[in-house]
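Going line by line, the protein sequences match chains C and Z. Those letters in the first sequence? Residues 1 to 292, per my numbering, in order. Those letters in the second sequence? Residues 1001 to 1302, per my numbering, in order.
What the hints contain is simulated information worked out from the structure, not anything from laboratory work. Since we're looking at a predicted model, the values are computed, not measured. Possibly wrong hints are sitting among the right ones.
[What the hints assert, rightly or not] Some chain Z residues judged to face chain C by a derived CB distance under 7 Å, without partners named:
(1) L1034
(2) M1036
(3) E1051
(4) G1101
(5) L1105
(6) S1127
[As the list claims (entries may be wrong)] Far from chain C by the CB rule (all over 10 Å, computed), these chain Z residues:
(7) A1015
(8) H1079
(9) Q1082
(10) F1110
(11) L1165
(12) S1205
(13) F1208
(14) G1248
Heads up, the beta-carbon is just placed ideally off N, CA and C, and yes, glycines get one too.
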Amino acid sequence: MLPMFSFREKLLHRLSILVIVVVLAIYLIPLYWLIATSLKTWQDIDSVPPKWVFRPVADNYQRLFFTVVTDQRGTRVVGTSEYPWRFLNSIIIGLVSTVLAVGLGTLCAYATSRFRVAAKDDLLFFILSTRMLPPMVVVIPIFLMYRALGLRDTHLGLIILYTTFNVSFAVWLMKGYLDEIPKDYEEAAMLDRLSRFRAFVKVVLPQALPAIATTAVFCLISAWNEFAFSLILTESQAATAPRTITSKLGSAGIDWGQIAAGAVLFLLPVALFTFIVRHHLLRGVTFGTIKR
Amino acid sequence: MPVSVRQRRPVWKRALTDQQIKIAFITPTLLLLLAMNIFPLIWSLYLSFCEYYADQPESPRWVGIANYRALLTDPEIWHSFQVTAAFVFLAVGTEFILGFGLALLFHRSFAGKGLLLTLFLIPMMLSPVVVGLFWKFIFDPNWGIIDYLLRLPGFEWVTHPRRALWALVIVDAWMWTPFIMLIALAGLSAIPQSLYEAAAVDRASSWFKFRHITLPMVSPLLIIALLIRTMDAAKLFDLPWTLTDEGGPGNATETVSLLIYRLAFKMQDTGSSCALAYILLVIIIALSNLFLRQLKKVKGEL
Chain C
1 MLPMFSFREK LLHRLSILVI VVVLAIYLIP LYWLIATSLK TWQDIDSVPP KWVFRPVADN
61 YQRLFFTVVT DQRGTRVVGT SEYPWRFLNS IIIGLVSTVL AVGLGTLCAY ATSRFRVAAK
121 DDLLFFILST RMLPPMVVVI PIFLMYRALG LRDTHLGLII LYTTFNVSFA VWLMKGYLDE
181 IPKDYEEAAM LDRLSRFRAF VKVVLPQALP AIATTAVFCL ISAWNEFAFS LILTESQAAT
241 APRTITSKLG SAGIDWGQIA AGAVLFLLPV ALFTFIVRHH LLRGVTFGTI KR
Chain Z
1001 MPVSVRQRRP VWKRALTDQQ IKIAFITPTL LLLLAMNIFP LIWSLYLSFC EYYADQPESP
1061 RWVGIANYRA LLTDPEIWHS FQVTAAFVFL AVGTEFILGF GLALLFHRSF AGKGLLLTLF
1121 LIPMMLSPVV VGLFWKFIFD PNWGIIDYLL RLPGFEWVTH PRRALWALVI VDAWMWTPFI
1181 MLIALAGLSA IPQSLYEAAA VDRASSWFKF RHITLPMVSP LLIIALLIRT MDAAKLFDLP
1241 WTLTDEGGPG NATETVSLLI YRLAFKMQDT GSSCALAYIL LVIIIALSNL FLRQLKKVKG
1301 EL
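Turn these sequences into a full structure, and let the hints steer you where they fit.
Now the structure itself:
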């Protein structure tokens, strides 16, 4: 940034980078420790002093996905555990709610971006304010509502709820992106006698595709991570992965190796997706309001 | 003429007018928000004035402000508000100082900057409930890496009445310091270089430049970052669910959200839990109004 002149400034520059690298190394220890634990045998996890270097094994992952029995005939796999099914629930509920939220959000964002809407600012701020609601405040009446409608512990119930809390976010993020696409393109298309709707589908949507993909990643991550609603509104049928990972605590002693394996598999996709949208994180975490 | 051609088509084949598109595009989102947010909130406002136990067959009975009066005189409620306030203050304060500090260090160009920055940003995207779970392991007095690195074998964190709150603050800061850093960095890089050059001509000190150029230029964005964090921290639920076992030890780290959960789903006292939820809601609405006002201000300036 700053042009460097003096020896002192150069030294400061080097020193800053050194501090950043050291802080980052310390910062990442917990993540390293999590991954290491997931690959350790119980003897290695239990060892004092802790082992930084060890021989990795996949046992914890195997025990996560399969029910393993050890008796006089040796150790063998007798069936799958509940974990893959909860993982599948997370994927289904996450994907469907993301498609719905981004779809509805893009339409609403287009209308507010291109048309005159009465009390537009109030409308947009109302939409944003629903995102600020504490889950614990909303979940009690939703629980009663779902109980009356028979939506408890159903995929549909969580999908509707996750769509709701993501749609406000999608509207804001998409509006930020759509405002940046010049109106000239669709106006040119409309001069070529395309209807407004066809111009939206054929001209605006293709241009907005990267933005839609980015918005979808953020919605997917927040649906994937959601815990409070899933805890209260599901039992087993539609329970998502975070519930299973955390419920391992109660069952017969604490199997830290297996918990670590579950956590790694759950966090890894999010870390990858974060990497994919890294240039959009600032927009994503500020509802599209800060653009640079 | 295109207009007359369109008019002669049957109604269902006519192209949608802008007005129709506008209504068709906005209505679904609004209906969803009304059905899933506004309607439930109105219902729970009604329930907050009722005696109602969700597991009992009796229907809600109107009791006026009795729930609110009982809550506001209950020391347990005040305790949970104090825990939440202390957490918000300590966590957001730590994140602000460290995050702004890191942003000042990061505000220079060097090879590999993008990669280092991205690595810092991963934890804030992770699920708090799972983060709390593995930090519980990291804080463990027997196997935990923290006690080993600090040479304090057997030192209790999450099971200690006072240090449990600090454990929450440390983990929250681990997750969210980079959030403040990211926003502060955006603010710093938006400052026109010419301001510093002008100050250099006047032989201004580094402190003067920081105090009179850097700080006022980044503060609008920093305020937004702080308000987002404050709102989030005030709702804290997931992290202590796993890290301190639903607000333990005892109720040492029981935040307002955890207490609402306990009232509603363990004690089945639906009326009181709705009343407490509304008290929290009023606080969050006040904070979000500050946030939205700041947002309007900053958007006007940009």
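Cross-check of the supplied hints:
{"no.": "1", "hint": "L1034", "in the structure": "violated, 10 Å"}
{"no.": "2", "hint": "M1036", "in the structure": "holds, 4 Å"}
{"no.": "3", "hint": "E1051", "in the structure": "violated, 15 Å"}
{"no.": "4", "hint": "G1101", "in the structure": "violated, 9 Å"}
{"no.": "5", "hint": "L1105", "in the structure": "holds, 4 Å"}
{"no.": "6", "hint": "S1127", "in the structure": "holds, 4 Å"}
{"no.": "7", "hint": "A1015", "in the structure": "violated, 3 Å"}
{"no.": "8", "hint": "H1079", "in the structure": "holds, 17 Å"}
{"no.": "9", "hint": "Q1082", "in the structure": "holds, 18 Å"}
{"no.": "10", "hint": "F1110", "in the structure": "violated, 5 Å"}
{"no.": "11", "hint": "L1165", "in the structure": "holds, 19 Å"}
{"no.": "12", "hint": "S1205", "in the structure": "holds, 14 Å"}
{"no.": "13", "hint": "F1208", "in the structure": "holds, 16 Å"}
{"no.": "14", "hint": "G1248", "in the structure": "holds, 12 Å"}
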